[in-house]
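Colleague: Just so you know, the protein sequences line up as chains A and B, in that order.
For the first sequence, counting from 1, position 44 maps to 604 in the working numbering; every step adds exactly one.
For the second sequence, counting from 1, position 60 maps to 61 in the working numbering; every step adds exactly one.
Because the hints were derived from the structure by calculation, they are not lab data.
Worth double-checking, as some hints may not be accurate.
A short list of chain B residues far from chain A (calculated; beta carbon distances all over 10 Å) [said to hold, decoys possible]:
1) Ile28
2) Val29
3) Leu32
4) Ala53
5) Ala84
So, partial list: chain B residues that the calculated Cβ filter (under 10 Å) puts toward chain A [unchecked claim]:
6) Met11
7) Thr13
8) Arg46
9) Thr55
10) Tyr92
Note that the Cβ used here is the ideal one computed from N, Cα and C, for glycine as well.
Residues per chain are reported as follows:
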Amino acid sequence: MVNVVSSPTSDIEEDLLYAPRALAEADWRTGTLTVIVPAYNEADHIADTVRSLQNQTRPPDVIIVVDDFSDDGTGEIAAALGATVLRPPANTGSKAGAQNFALEHVWTAFIMILDADTTLAPDAIEKTLPAFEDPKVAAACGFVVPRHVHSIWERGRYVEYLFAFSFHKQVQDFYGRPLISSGCFSVYRCGPLRQAGGWGQRTMAEDMDLTWTLYELGYRVRFIPESVSYPVEPHDLNFIRKQLTRWSHAFVQNVRVHWRGIVRMPYLFSAVAVSLSDAVLASLVFLMGLPLLAALVSPLFLVGYVVDAPVIAVPVLIAAARRGEVMQALTSLPAFFVLRLVNGYLLLKALVLELVLRRPLITYEKGH
Amino acid sequence: MGAGIPGTGMATLFYIISVFLMPLREIVPTLRGQSSWARWRLIARHLVMALAMTAAAYGTYRYVADEVLPPDTTIGGVSALAATVVLFVVYLMVVNLLALLVPGKVELPQSKAFPERRRAVRAEGPAPLFHPHRGTVLRQWVSTHPRVGKQPHRGTVLRQWVSTHPRAGKQPLRHERESTDQSRVQGTDQMAGSSPPSRQ
Chain A
561 MVNVVSSPTS
571 DIEEDLLYAP
581 RALAEADWRT
591 GTLTVIVPAY
601 NEADHIADTV
611 RSLQNQTRPP
621 DVIIVVDDFS
631 DDGTGEIAAA
641 LGATVLRPPA
651 NTGSKAGAQN
661 FALEHVWTAF
671 IMILDADTTL
681 APDAIEKTLP
691 AFEDPKVAAA
701 CGFVVPRHVH
711 SIWERGRYVE
721 YLFAFSFHKQ
731 VQDFYGRPLI
741 SSGCFSVYRC
751 GPLRQAGGWG
761 QRTMAEDMDL
771 TWTLYELGYR
781 VRFIPESVSY
791 PVEPHDLNFI
801 RKQLTRWSHA
811 FVQNVRVHWR
821 GIVRMPYLFS
831 AVAVSLSDAV
841 LASLVFLMGL
851 PLLAALVSPL
861 FLVGYVVDAP
871 VIAVPVLIAA
881 ARRGEVMQAL
891 TSLPAFFVLR
901 LVNGYLLLKA
911 LVLELVLRRP
921 LITYEKGH
Chain B
2 MGAGIPGTGM
12 ATLFYIISVF
22 LMPLREIVPT
32 LRGQSSWARW
42 RLIARHLVMA
52 LAMTAAAYGT
62 YRYVADEVLP
72 PDTTIGGVSA
82 LAATVVLFVV
92 YLMVVNLLAL
102 LVPGKVELPQ
112 SKAFPERRRA
122 VRAEGPAPLF
132 HPHRGTVLRQ
142 WVSTHPRVGK
152 QPHRGTVLRQ
162 WVSTHPRAGK
172 QPLRHEREST
182 DQSRVQGTDQ
192 MAGSSPPSRQ
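Please take these sequences and the hints and turn them into a complete structure.
Modeller: Encoded structure:
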């Protein structure tokens, strides 16, 4: 049973539920676009998100907010702003579940996923859609910058994103293998998305699972750095721990699920192998090697925690200069090394739990 | 989401090497007329960035080596920095060569490789990382895994990792399962002589 709380037009419900449309090969210039916003208790952010969609230079044709059994009025706020609100009969249990629930009601050629706490730059959709000029492109994602940069964790994430999206991700895109089409903001061609079976619920990261599945199906994924989104990032240790725990387990789970599929994609395979090796070696160095060396040999070995600061600073400051945020980047740089240490610990723990103790994470905990 | 630990040595080295290989990779598309100025501008921008990062790494290495490491640290007769890069490239080559040994048949995993998850545990109030009265951090961590040391022997870690989940590729997706169950129920009803469901 579908509970359509609100629809902006009288026939949209019928369109959503029954209209058969051509899906797969639509041209991005003429193709229609549905935005799916999975939301659970996002009353504080959903209005900003819906408004940022409505103010796009290329506005979406349908905005669906999946009110995943919220109890804070999220659905009512979205409905009041004119979005179509779908409410499943029960909490779907994960973001992927909410997105799959909405996918059954989408008839447009393109689908965009936007987190309920994420806003877009006004031209984000306009700049993303041309990526679909190539008919083999099944997904495209953009640059991500934290909306709030106040706490140590938000600052660490800010530096991490500037570094990753201005360097790693662009190199991955050059080689045709972005590691992930980000779950907070991505556009998909509907046909390949359905062919992939929607968003998988077998791992804790539906975005990585879908990206690698699309590769295995022979499609391409693009990263568009000019298209910018602004999510709300975890602001305290409790939330960042939940998020990083989920991400770490999800990475290992996806490697387990997909390793046979990605082994024939040399660049992606190399990137994953390097990430996994780094996860083990760097974590051990950070958590055991450096403290032992500092205690037994020389305290100067503690410099090892920040020894690569100049290297990290290069792409971060270049990206920050383009955004006019050099001071913010400089003051945030130390937080990155704290976040990296926490990340290393949680990733090593996830590796041990998933691969050695065989205790996979199976509960989706919302971290933001 | 992110993968791995951003900004650590091996990953950064991997992407710097990738940048230095960009021009080589772009030569063939350029000769075929499939490249563009935009792509070469991107290559140039990343080359500048990678060169700056390499210079920063070298400068830091020289400074830190002078301060922390014994002078003239070498591995196998060459400088530690060069040896690190060479070892890393060898590592990448070995990993990719090993990948070629994997059987070519690739089957997409179509089923849940992990158990059905429980209802979502949503954002709650802050909870302590570790309870203050449950012993050391290590003890608490180990104690959260009651199966430690009690599992029957299941082969090496590598073998466990390599072996796919026994249910992979066999379980239908949820919606397939539901439709199968529904059709089974309808089929059973019809076989039992009950009237088919009427549209109302």
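Colleague: Hints numbered earlier in the text: which of these fail when held up against the supplied structure?
Modeller: 4
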